[in-house]
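**Q** These protein sequences, in sequence, are chains A and B. Residue 1 is where the first sequence starts when you use my numbering, and the numbers rise one by one after that. Residue 379 is where the second sequence starts when you use my numbering, and the numbers rise one by one after that.
Any given hint might turn out to be false.
What the hints assert, rightly or not - Covered by chain A, according to a simulated footprint, are these stretches of chain B (three or more residues, beta-carbon under 8 Å):
no.	region
1	385-396
2	465-475
Unchecked claim - Partner residues are not named here, just some residues of chain B that face chain A (Cβ under 7 Å, in silico):
no.	residue
3	Tyr510
4	Gly567
5	Gly629
In case anyone wonders, no lab produced these hints; they're calculated from the structure. Think of the CB as a built atom: it goes at the ideal place given N, C-alpha and C, for glycine as much as any other residue.
One letter stands for each residue in the lines below.
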Amino acid sequence: MTARTGGSFILDDPAPLVDALRADGWRVIGPREGDGAIVYDEIETAADLPRGFVDEQDGGHYRLRESGNDRWFDYVVGPQNWKKWLFPARQKLWSATRTADGFDIDPEKVEFPKTALFGTRACEIAAIEIQDRVFDNGDFADAGYRHRRENTLIVAVQCARSAPTCFCSSMNTGPRAEAGFDIALTELEDGGFFVECGSDRGAEILDRIDATAADAAAEEAAQAVTEQAAQMQMRSMPENIAGLLKDSLDHPRWAEVADRCLSCANCTLACPTCFCSDVEDVNDLSGDHTERWRVWDSCFSLDFSYIHGGAVRRSTLSRYRQWMTHKLSSWHDQFDTSGCVGCGRCITWCPVGIDITEEAAAFAAEPAEPADAGGLET
Amino acid sequence: MEALLAQDPMLPRRYRVKRVWKELGDVASLELEPIDGEPVPFQPGQFNMLYAFGVGEVAISISGDPADGSGLVHTIRNVGAVSAALTKVSDGDVIGVRGPFGTAWPVAQETGRNIVFVAGGLGLAPLRPAIYHVLQNRAHYSGLTLIYGARSPDDLLYAEEIKSWKSRFDTEVEITVDHAAPGWTGQVGVVTIGLDKALAGIDKAEVSAFLCGPEIMMRFSVMSLTAAGVPEERIWVSMERNMKCAVGFCGHCQFGPDFICRDGPVFRHDQVSRLISKKEV
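I would like the entire structure built from these sequences, with the hints used as guidance.
**A** In structure tokens:
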């Protein structure tokens with residue numbers, strides 16, 4: 001433990017921090033501007049960060065534009081999230097080679113260099129902690145995921161603004177990250193960064209930087225930044241939604257939202273907690289070498305529920321219902337937490353602008369009658 | 379569970395096909411033995427992920443005798459690419475096995491009870507290990523009945539074995555088929571007909587029932603059982619959904635709050651009764 005663990009400091013800009021991480025051997029993944037959106041990719045210097053950009057978000061709408069100022073982190077979350085790095089969309093599990101009397105299996109060794117997730121937002125830390133539970137469920141642990149997480153350092157950015165799609169306040173996941181980071185940055189209103197050190201590993205990095213200790217006024221200013229972001233939030237999740245949905249499987253609202261849903265799976269890809277996967281077997285032309293790959297999958301695809309004789313969830317209604325009841329209700333039964341962190345990605349990246357908070361509010365406004373006829377009763 | 383955490387749950391072990399034999403036109407049974415190391419013990423009702431080289435993996439219940447450590451038996455119907463490859467293996471071939479996974483039929487806990495097995499089609503295969511257990515410990519149970527429904531007389535699985543069970547004085551067997559063929563002198567109709575008949579002479583409060591088959595068959599069988607007075611907390615069903623990982627990672631087998639691979643496949647009926655009557659869950 002260094003003197004800096006648990007301390008707070010002031011930095012003029014994030015550049016020394018990026019440099020210190022890289023000097024200490026950390027690969028730094030952070031926000032960058034790519035294809036007109038915020039994407040998470042490797043950064044070499046702070047100059048790679050999308051400084052001076054801000055996003056416009058709404059249901060089915062996203063634009064990244066220049067903000068006209070030189071603030072570093074005024075945009076919020078984009079289409080990508082950190083699962084791209086911690087739970088890659090395609091992972092080779094093992095390969096096998098045919099032999100004279102059978103086949104040999106070669107396990108795939110996961111190599112993940114020590115990696116700093118730079119610019120992680122509070123909702124995203126919550127999402128990572130949720131996936132931690134998914135991939136170590138008490139009976140089984142995903143060794144590759146665990147290895148990546150052990151080699152991960154989190155540099156959080158406390159949000160200074162919220163998009164209209166953000167609703168982390170109502171999910172109790174943000175906008176201020178109180179824990180779960182090694183270092184957290186708050187970009188203050190009048191420039192400069194309030195730096196919180198959350199772990200020994202964070203302190204080791206901060207030891208490399210010439211940062212002055214923060215005073216109480218700076219801490220107050222940092223609190224005001226996230227309070228302001230919280231106050232900007234326009235959407236919220238009804239508190240009792242987990243219980244409500246349990247009794248609403250036959251609610252007429254499902255048919256109504258299914259009429260709009262394209263079953264395109266965008267929401268599940270953009271969601272930072274969605275974890276479903278498929279496996280693929282890839283053979284070479286000789287047929288003697290095969291590989292088994294694990295790939296992202298979505299409960300919105302028809303094949304997802306296929307068993308001999310056909311898919312169990314044939315209708316869009318049943319697939320939307322599966323996604324939403326899982327995310328907001330049965331996730332609690334499975335992992336003792338909601339599967340939603342209020343990041344709003346599923347709202348922004350839904351091509352028809354379906355808004356999970358609006359759907360939830362519809363269930364809250366008209367709780368199901370026991371004899372509802374609108375759903376799929378048999 | 380420490381042992382499970384220690385190994386990569388997605389990595390198959392290689393098993394050699396000791397013997398393969400045809401059960402029905404499109405159904406084969408495979409007896410397997412591990413190439414490296416000892417066979418892993420299993421409980422009746424559990425399943426394995428069987429892997430055919432270069433084709434893929436599929437969840438198959440274990441259909442052999444849990445007390446017989448000599449081989450691991452699975453009964454497979456050819457319904458897709460992987461099951462086709464698995465039913466076409468020859469003696470001596472090598473396949474991959476992960477498992478065993480999932481919950482078990484709690485037959486060993488139900489001693490003293492009147493045991494009723496209700497099977498539909500290939501649903502008899504996951505029940506057979508439990509049937510073996512009761513047959514081997516018959517004195518510990520007050521009764522044993524198997525109600526088995528198949529599409530046609532030609533689709534009756536383990537027909538010779540069922541005959542030998544039927545010939546025992548301590549075992550009742552009721553067989554129904556959906557469609558009779560020339561020469562069939564038995565019952566025609568749905569499983570519940572045989573169920574009502576079998577329940578007629580026994581004390582319903584003493585019954586512990588284990589059901590495996592198509593969901594609709596299990597639903598109507600449960601209705602018959604509970605209407606006759608069998609306590610709901612003495613009824614177990616085995617559920618089926620798409621499965622890719624069998625360890626709770628892939629999300630495919632979710633049934634409401636439950637992962638069928640970890641929380642099931644065997645559920646006490648009241649655990650799933652809320653959802654089993656809903657379509658497309």
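**Q** State for each hint whether it applies.
**A** So, going through the hints one by one against the coordinates:
no.: 1; hint: 385-396; verdict: holds (count 7)
no.: 2; hint: 465-475; verdict: holds (count 4)
no.: 3; hint: Tyr510; verdict: violated, 26 Å
no.: 4; hint: Gly567; verdict: violated, 21 Å
no.: 5; hint: Gly629; verdict: holds, 3 Å
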